[in-house]
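Asks: If you read the protein sequences in the order shown, they are chains X and Z.
Position 91 of the first sequence, counted from 1, bears residue number 91 in the working numbering, the numbering being contiguous throughout.
Position 9 of the second sequence, counted from 1, bears residue number 9 in the working numbering, the numbering being contiguous throughout.
Incorrect hints may appear among the rest.
[What the hints assert, rightly or not] For lysine to any residue, the following SDA-like pairs were computed, each having C-alpha atoms within a straight-line distance of at most 25 Å:
1) X:Lys129 to Z:Ala28
2) X:Lys129 to X:Val59
3) Z:Lys34 to X:Leu109
4) X:Lys294 to X:Leu109
5) X:Lys294 to Z:Glu31
6) X:Lys294 to Z:Gly125
7) X:Lys129 to X:Leu117
8) X:Lys133 to X:Pro196
9) X:Lys133 to X:Leu210
10) X:Lys294 to Z:Arg124
11) X:Lys133 to Z:Val48
12) X:Lys294 to X:Lys133
13) X:Lys294 to Z:Val48
14) X:Lys129 to X:Ala193
15) Z:Lys34 to X:Lys294
16) X:Lys129 to Z:Glu31
17) X:Lys129 to X:Val195
18) Z:Lys34 to X:Leu242
19) X:Lys294 to Z:Asp224
20) X:Lys129 to X:Ile173
21) X:Lys133 to X:Leu109
22) Z:Lys34 to X:Val195
23) X:Lys294 to Z:Ala28
24) X:Lys294 to Z:Thr131
Think of the hints as simulated: they come from the structure by calculation, not from any bench.
The residues making up each chain are set out below.
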Amino acid sequence: MSTATSPRPPAGPADAGSAPAPRTLRRRHTPSLQRQSPLVGLAAWMAGLFFAAPVLWMVLTSFHSETDAATNPPSVAAALTLDGYRSFFGATSGASPWPPLINSATASLVSTALVILLALPAAYALSIKPVRKWTDVLFFLLSTKMLPIVAGLLPLYLFALNTGSLDTIWVLIVLYTSMNLPIAVWMMRSFLAEVPAEMLEAAALDGAGLVTILRRIVAPVAMPGIAATALICFIFSWNELLLAQTLTGVVAGTAPVFLTGFVTSQGLFLAQVCAAATVISLPVLAAGFAAQDKLVQGLSLGAVK
Amino acid sequence: MTAESAVRPPPASAAPAAPTNGQREARARAENRKRRLPLLPALIFVIVVTQLPFLATLVVSFMDWNALYPDERGFAGISNYVEVFSDASLRRSVVTTIVLTATVVLVSLVLGLGLALLLDRQFRGRGLVRTMLIAPFLVVPVAAALLWKHALLNPSYGLINGTLTWVWSLFGSDDPPQVVWLTEFPLLSVEASLIWQWTPFMMLILLAGLQSRPLDVIEAARMDGASSWQVFRYMTFPHLRRYLELGGLLGSIYVVQNFDAVFTLTSGALGTANLPYTIYQTFFNARDYGLASATGVVAVIGTIVIATFALRTVSSLFEENDR
């Protein structure tokens with residue numbers, strides 16, 4: 001863990017030489033006490049590379065030919081090719097990944113929009129103008145996340161079967177909305193708490209109604225938080241496998257379902273699999289890095305700022 | 001866990017003592033109704049979509065219902081529950097779920113703490129290292145499981161065995177150890193892939209905790225000659241405790257429900273079947289709806305018991321930093 005550190009940091013270049021020593025520059029959000037230590041840097045870089053290695057390996061392998069991908073020891077410096085991506089997009093098998101990708105995008109985007117639409121007023125009623133027993137409501141919402149989804153799977157399946165909504169995108173949209181709504185309310189609540197009370201009071205004095213207050217004041221001020229909430233809900237929907245695997249099939253199957261059925265081809269397929277995994281993870285990686293600074297607050301349901 | 005505990009109807013008020021009191025009460029009730037209105041759509045949606053299916057599951061759990069034998073549907077009493085508690089493989093999946101969740105959450109917390117302590121220091125390229133460390137959490141879980149299964153753990157060309165070959169060849173050996181990971185260490189393989197995905201999450205939460213420490217107090221302690229270990233043991237760690245609890249709780253919520261890794265890596269073979277996978281299997285392959293539902297109900301009751309303790313922890317957590 002922490003490298004052997006003396007309580008007093010070693011004399012850095014800033015201390016050497018002219019008095020009065022200039023204070024070392026501190027970057028934003030870095031309330032660190034110690035000054036730079038090469039050992040810490042080395043350890044952190046090694047840990048970072050170790051954790052990123054599988055991801056980097058996935059991306060590198062996706063650009064290798066199937067024969068180069070399946071060598072032992074690994075061929076790190078093999079020639080690069082787009083063959084893996086060509087096979088993934090259906091050059092050899094003829095099965096296009098576009099319908100599942102579009103299904104995933106539809107289910108994730110529509111359910112995220114619904115979540116935000118429902119969660120924003122709910123969060124308002126739980127933070128800015130709290131209802132009585134608002135903590136009970138919050139903990140009820142959180143408790144629904146603890147119940148294993150799998151325990152409700154059969155009734156959902158039978159319901160979808162009997163209403164003819166099995167293998168439609170709508171059943172996923174409804175379920176993803178309910179899956180993310182409790183978390184979204186928690187996240188939004190913490191972001192809404194940052195809206196200045198004076199602005200709300202001024203609006204109320206002007207006789208603004210709920211919709212106006214939400215649209216004109218709360219939404220603009222809390223926009224970064226709402227965006228982060230939306231990104232996290234998008235990620236959870238995009239990643240979801242169990243419900244999609246059970247309730248959809250050929251027509252409405254999502255990208256994760258497509259991925260699980262992908263490894264049935266004969267012969268070498270590692271480069272293809274890596275290309276598929278890379279393509280499908282790309283939206284999540286992009287969304288996650290974009291929301292990086294709000295990711296912690298969102299994922300910790302607002303407990304951590 | 002029930003809807004009633006959350007949405008209490010306005011209290012049936014006693015007969016008003018005086019007209020003014022009655023008016024005030026009516027106004028308060030109207031105000032309450034107005035405040036509740038924005039909450040209702042979300043709340044009703046969640047109750048209908050998440051609570052009703054559980055009620056249906058409860059009903060089915062008392063039924064004799066196998067989709068392969070549709071004619072034999074009927075009331076079964078508690079026979080499904082008797083089977084849940086007497087079936088050795090179901091009991092094993094309960095144990096697997098607990099072991100899997102506890103291992104993944106605890107190891108991720110320890111590793112995440114180490115990484116957070118490193119990232120709390122200053123060094124060149126900190127932002128880049130942070131980004132690299134978050135990456136595993138942002139790989140789609142199915143993709144991550146496939147990546148582990150085929151690109152890392154594959155016995156003949158996976159990266160891990162490949163690296164072993166390479167390292168051994170550096171020392172002139174042509175007989176490197178080649179491990180068939182998913183067969184020899186199935187549960188460990190599933191755990192490793194999940195720890196890889198969840199450590200970044202723990203690190204993010206703990207790093208936020210570290211950066212919210214009262215620095216002046218720590219500076220003062222250092223001035224007074226406290227060692228790094230003493231500062232960590234008596235100041236940093238107590239401060240981090242609630243962040244550790246939060247990470248543990250949130251991690252458990254997600255890991256206990258894990259389906260993707262078990263489904264993809266081992267298909268529940270070799271003692272890796274956890275409860276979600278087993279229920280899915282009973283329902284989808286064996287088509288024994290009654291038994292699957294009873295298992296689901298047992299899982300829900302177990303979760304409620306654990307969640308009650310967990311929620312108490314969270315609520316104490318939020319009391320501290322709430323307004």
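Asks: Evaluate each hint against the coordinates.
Replies: So, going through the hints one by one against the coordinates:
1. X:Lys129 to Z:Ala28: holds, 14 Å
2. X:Lys129 to X:Val59: violated, 48 Å
3. Z:Lys34 to X:Leu109: Not OK: Z:Lys34 and X:Leu109 at ~31 Å, beyond 25 Å, violated.
4. X:Lys294 to X:Leu109: holds, 20 Å
5. X:Lys294 to Z:Glu31: Since the Cα atoms of X:Lys294 and Z:Glu31 sit roughly 34 Å apart, the hinted pair is violated (cutoff 25 Å).
6. X:Lys294 to Z:Gly125: holds, 20 Å
7. X:Lys129 to X:Leu117: holds, 18 Å
8. X:Lys133 to X:Pro196: holds, 23 Å
9. X:Lys133 to X:Leu210: holds, 20 Å
10. X:Lys294 to Z:Arg124: holds, 23 Å
11. X:Lys133 to Z:Val48: holds, 20 Å
12. X:Lys294 to X:Lys133: violated, 28 Å
13. X:Lys294 to Z:Val48: Judged against 25 Å, a Cα distance of about 31 Å means the pair is violated.
14. X:Lys129 to X:Ala193: Since the Cα atoms of X:Lys129 and X:Ala193 sit roughly 10 Å apart, the hinted pair holds (cutoff 25 Å).
15. Z:Lys34 to X:Lys294: Violated, at roughly 32 Å.
16. X:Lys129 to Z:Glu31: holds, 10 Å
17. X:Lys129 to X:Val195: Holds, at roughly 12 Å.
18. Z:Lys34 to X:Leu242: Given that 25 Å is the threshold and the Cα spacing comes to 39 Å, the pair is violated.
19. X:Lys294 to Z:Asp224: violated, 36 Å
20. X:Lys129 to X:Ile173: violated, 29 Å
21. X:Lys133 to X:Leu109: violated, 32 Å
22. Z:Lys34 to X:Val195: Given that 25 Å is the threshold and the Cα spacing comes to 21 Å, the pair holds.
23. X:Lys294 to Z:Ala28: violated, 38 Å
24. X:Lys294 to Z:Thr131: holds, 14 Å
Violated hints, listed in ascending order, are 2, 3, 5, 12, 13, 15, 18, 19, 20, 21, 23; each of the other numbered hints is respected by the structure.
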